[in-house]
Each structure stands twice: as C-alpha cells, then as structure tokens.
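Trainee: For reference, the chains in residue letters:
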Amino acid sequence: MFEIVIGLEVHAQLNTKTKIFCSCPTSFNEHQNSNTCPTCLALPGALPVLNKEAVNKAMMFGHAVNATINEKSIFNRKNYFYPDNPKAYQISQFDVAIVEDGELMIDFEDGSSKRVGITRAHLEEDAGKNTHEANHSKVDLNRCGTPLLEIVSEPDMRSAEEAVLYLKKLHSIVRYLDISDANMQEGSFRCDVNISIRPEGQEEFGTRVEVKNMNSFKFINQAINYEVNRQIEAYEDGVYEQEVVQETRLFNTDTGETRSMRGKEESADYRYFPDPDLLPLIVTKADIEKAGNIPELPDEKKQRYIDELGIRAYDATVICADKAVANYFDEVLECGVSAKNAVNYLTNELNGLLNKEGLTIHESPIDAQKLGAIIKNLEDDTINGKGAKKLLEFLMGEQTEVDAAIEKLGLKQVSDDGAILAIIDEVLSNNEDKVEEYKGGKEKLFGFFVGQVMKASRGSANPAKVNELLREKLG
Amino acid sequence: MEIDIEKLEKLSNLKVQNKEEIAHQLQDILEYVENLGELDTDAIESTFSTLEGGTPVREDVPVHSGVAQDVLKQAPNAQDDYFIVPNIIE
Chain P
7 MFEIVIGLEV
17 HAQLNTKTKI
27 FCSCPTSFNE
37 HQNSNTCPTC
47 LALPGALPVL
57 NKEAVNKAMM
67 FGHAVNATIN
77 EKSIFNRKNY
87 FYPDNPKAYQ
97 ISQFDVAIVE
107 DGELMIDFED
117 GSSKRVGITR
127 AHLEEDAGKN
137 THEANHSKVD
147 LNRCGTPLLE
157 IVSEPDMRSA
167 EEAVLYLKKL
177 HSIVRYLDIS
187 DANMQEGSFR
197 CDVNISIRPE
207 GQEEFGTRVE
217 VKNMNSFKFI
227 NQAINYEVNR
237 QIEAYEDGVY
247 EQEVVQETRL
257 FNTDTGETRS
267 MRGKEESADY
277 RYFPDPDLLP
287 LIVTKADIEK
297 AGNIPELPDE
307 KKQRYIDELG
317 IRAYDATVIC
327 ADKAVANYFD
337 EVLECGVSAK
347 NAVNYLTNEL
357 NGLLNKEGLT
367 IHESPIDAQK
377 LGAIIKNLED
387 DTINGKGAKK
397 LLEFLMGEQT
407 EVDAAIEKLG
417 LKQVSDDGAI
427 LAIIDEVLSN
437 NEDKVEEYKG
447 GKEKLFGFFV
457 GQVMKASRGS
467 ANPAKVNELL
477 REKLG
Chain F
-19 MEIDIEKLEK
-9 LSNLKVQNKE
1 EIAHQLQDIL
11 EYVENLGELD
21 TDAIESTFST
31 LEGGTPVRED
41 VPVHSGVAQD
51 VLKQAPNAQD
61 DYFIVPNIIE
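Top line first, the protein sequences correspond to chains P and F. Numbered according to my numbering, the first sequence spans residues 7 to 481. Numbered according to my numbering, the second sequence spans residues -19 to 70.
Calculated from the structure, these hints are not laboratory results. Even for Gly, the Cβ is constructed at its ideal location relative to N, Cα and C. Certain hints may be false.
Take a look, some chain F residues computed to stay more than 12 Å from chain P by CB distance [claimed, not checked]:
no., residue
1, ILE(-17)
2, VAL(-4)
3, ILE2
4, HIS4
5, GLU25
Derived CB-CB ranges, DEER-like [what the hints assert, rightly or not]:
no., chain 1, residue 1, chain 2, residue 2, range
6, F, ASN15, P, PHE87, 28 to 36 Å
7, F, ASP(-16), P, ARG164, 38 to 46 Å
8, P, GLN248, F, ASP(-16), 22 to 30 Å
9, F, ASN15, P, HIS37, 52 to 60 Å
10, F, VAL41, P, PRO301, 18 to 26 Å
11, P, GLU249, F, THR21, 54 to 62 Å
12, F, VAL41, P, HIS37, 45 to 53 Å
13, F, ASP(-16), P, LYS174, 55 to 63 Å
14, P, GLU253, F, ASP(-16), 20 to 28 Å
15, F, GLN7, P, ASN235, 48 to 56 Å
16, F, HIS44, P, ALA330, 26 to 34 Å
17, P, MET267, F, GLU(-11), 18 to 26 Å
Input sequences plus hints: build the corresponding full structure.
Mentor: This is the structure in structure tokens:
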C-alpha cells in the first residue's frame, strides 16, 4: 500500500483597485495593454512603489489562518525570460514572507475534521497574458503587476478529497475576507499541486511532481488521481527512478492526463536576490493589530448558526461554504421566517431548481426577499407546502411579485371553517357507502376522504384544517 | 567556483564572443570577493539593505498613465494594441 502526499500552492489575485507596484487599475476585461504604465512596462528608470492595501489584505489573511505576521519581510527578484513579464524578473517575497506558519481546518462529511498547515503566504506580482497564434504570440500586459498572494501549504494532505476540501476552505476564507474575487474561471484563484507517493510506513517523502496552473476543483481531483496512478504503476513496475522525476507537468483537460514540460525546467535557475529597488517591507505592531479586524469567517459563522439557530451541522456547512449563499440565507432570515424553513427552502427546494438550470445563487431569479415572502405566506397559512413549491417553480421563470403570483395560480388556501365544511358535506354525501364502511371500522378510508376534499377544493384547502374538521364530522 | 559560460549565456540571454577571455575575467572577479567567505556571519542577522527603514507605500488609488499608445508605437512589432513577439513554444 502507498501513502499519497499532497501539498498545494495557491495563487489568489488580491482585489485591490491598483496593481501591487504601480497605480494602474487592475480591472478585468479591459482593452489590451490599456492598464499599463512605465513601471509595469519596465521602462528604464521607472521604480516600483508598494500598494498599502495589498499589504493590508495579506495581513488580514494571516490573521484568518492563525499565522505569524512578520514585521519585516523581503521582496526579491526572481529572474526569468518570458514575454509575459517585460522586466525579465518577477518581484516576489522569497527570503522572508509576510505571513508564516498558519493553519486551517478541513471538514469531512462525517463531521470529523483535520488540520492542514500553511507554511507561508507571500506577496508577489502576476504576469501578463500571452495568446499563441500560428506564427507569433500576442502579449497583453494588463494583468502584469496585479497583486498575488501565494499561499503555500504543508504537505499535509493524503488524498485528492483532502486536497479539494482544503482548496474549498481556502477559497471560502478569501471570499469571506473579501481580499480576492477568487474566480477560478477568470483565473483569480489558481493552484499548483505537488504530488508524491511513498510506501506506507516509509519516513522520507517520495519524488515530488508539480502539476501547474489548475483552475477547477474537478480538474484538480482528476489530475491528482491520474498522477498518483502513474507514480504507483511506475513503482510497481520497478521503473520509479526513471519515470518519476522532480519536474513540472501540465494537465491536459481533454485527455485527463498529465505530461512533462521538461524544456522549461532546464532553465529554471531563478537567481533570487533582494530587489535593490525595494527596501524591506516593515509593518508596525499597530498595523498588524488593525488588520486583525476581519469579518466573520466561515467556521465562526457555521458555529453561530448551530448554536444560535439550532441548524444541523451539515446544513450549516453547506450554507457557510459560499459567502454568497450565507448572505442570501441571512437575508431570508431577516424577513422574519423560521430558520428551519429557511434552511429547507434554500438548500433543498431553491438549490434543486437552481442546479437544474445550472445557475448560481447570484443568478437566481428568486432573490432572498422573494424566498422570504414565499416562506412567510407558508408560515401564516396563506398557502400550503405544495403551493409553496408550485410558487417557487413558477417564479423561477416569471418576474412577478409573490402576492400576485399566489393570486394568479389560485394558491391561496382556504382556512375558513364554513367553506371547508361545505366541501366536506358535499364529499360525504357523494360517498355515503364509504362513510358507512368507515363507521363500520374501515379507518383506512380517512385518507380517502381527505384526498377527496383536497381534490374538490382544487388543492386550496388547508390540509390541517381539513383533517381537523373531518375528524369532528366523522366522529 | 567553476564558470560555466554556456549556462550564463542562457540565463542572461546574451551571446558571448570570446568565451575564454570572459570566463577568465569572471573568475578573477570571483576570486577578488572570495575572501568575504572567511567571515563568520552565523550570529549576525541577514542584511537585505544597507539603508535604514522600510519601503515606502502608496494609497490604492488608480491612475491612468496614458502611455500605452506611445509605447506600442515604439515596439518592434505591435498589432491591434498587442505586443507581437516571436512564437513561444509552450
């Protein structure tokens, strides 16, 4: 048997308004090369000046993962030639990172959890974007200089599942902190995975392979599984030394395989040295303390939901995993509905409908106020559960106010004793034979009468009231 | 320390004409500073800068520099406001 050892490096783009070392805007999807200036274009004589907000966001992250925040950290130059970076070096914290020695907890579905260490988180700059065409490459430097926080984990994860749980938790934390948009499709949250195997019981790590630039949880899962199988097979075939070498590999999303990118490794001699253009980054104890004023984090929110609202741990985990969902849930609660109904209608009913349409909570045609209004109508007996579901389905495709929709669909339930009694009388007189049988001891028929009354009211009668009045009538 | 001129050429993206002479000169420079290695610096905190204080910081306020068009015009090759470079083989 083999043990799988995984460590992750995550690059989170910090959502500052400007780049890390110049005042160019960081806005996404701008016209190519419009967000550039002498500094990020590396024109001679232009000097970098550090963005205060990038430092602040890095420190917020440090607090969130219970890390040490260094009062002094160092910017180095990492040298390489590639047209996405006109300086021919990337400024990155190498000798001393601003954040060191943190941790986060990952939660398993069975309720257990595990600590994953965070080695360090350091500030650096992103590169530009190249588009490759048949006989040349096009360079857009808008992204060049966007602040990144590179978050390096300890090699603490032992399966693809754990790696994905770690990433999801990290993703959730940076979103709660609002330090990064962490949009995986747009590339503002990307991940390099380090994978090795070792025979169970062996102390030393196996040879580590790095799979670069993954931007979906699904692909990360696939890439890890592929790489683990490749390494185990090589071990079992006795060719581990030859086939598993320390290298960078790329994941092919079409084939689900990883392949070596050896060419690049050869020149990877980055010759790090302290950037003479930047003095050490010094933050005061007061700066560090001030950055500790961070919003409620997913784990805290989850605990509060469990303690204060009596929500099941699993439901709380589901709601808190995504800040947008948690905010939506809070808004529904503000409508004055019960937590139990809010959980059920959000995580089961609405979520089911959204999944079917492939929509996120942001894109939901039913906003929190509307869902709150639907639950309100259910709770004051204006509509029944069946009606609430019909209403939800209707409002997914129709931009109508809740009250108008209830009217239109005729969902208002009849709770008025007189009206229901009239229907009951009619049903009973139409089924005198069954009434006799019931009175003769065939009690199962009670359900039949309820059904008939509901049918005669076209679903509008309050089922609880129907039950109650029928019992009185039939004695 | 052995000077590997070919590797240095690759790392610096420069072509050196008379390799032997340059290697010799670099070797001399290295020897000149080699005696620094004799100092025992174990107990001394690393010095990253000889200047006092920390790097200045600025507020996070966007400014459009407006230089892009001028720079693109000076580029050896540009098209549709992209810089054009020889094909990069991934």
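Trainee: Confirm or reject each hint.
Mentor: How the hints compare with the structure:
no. : hint                              : verdict
1   : ILE(-17)                          : holds, 14 Å
2   : VAL(-4)                           : holds, 16 Å
3   : ILE2                              : holds, 18 Å
4   : HIS4                              : holds, 22 Å
5   : GLU25                             : violated, 10 Å
6   : F:ASN15 x P:PHE87: 28 to 36 Å     : holds, 33 Å
7   : F:ASP(-16) x P:ARG164: 38 to 46 Å : holds, 41 Å
8   : P:GLN248 x F:ASP(-16): 22 to 30 Å : holds, 26 Å
9   : F:ASN15 x P:HIS37: 52 to 60 Å     : holds, 55 Å
10  : F:VAL41 x P:PRO301: 18 to 26 Å    : holds, 23 Å
11  : P:GLU249 x F:THR21: 54 to 62 Å    : violated, 42 Å
12  : F:VAL41 x P:HIS37: 45 to 53 Å     : violated, 21 Å
13  : F:ASP(-16) x P:LYS174: 55 to 63 Å : violated, 45 Å
14  : P:GLU253 x F:ASP(-16): 20 to 28 Å : holds, 22 Å
15  : F:GLN7 x P:ASN235: 48 to 56 Å     : holds, 49 Å
16  : F:HIS44 x P:ALA330: 26 to 34 Å    : holds, 31 Å
17  : P:MET267 x F:GLU(-11): 18 to 26 Å : holds, 22 Å
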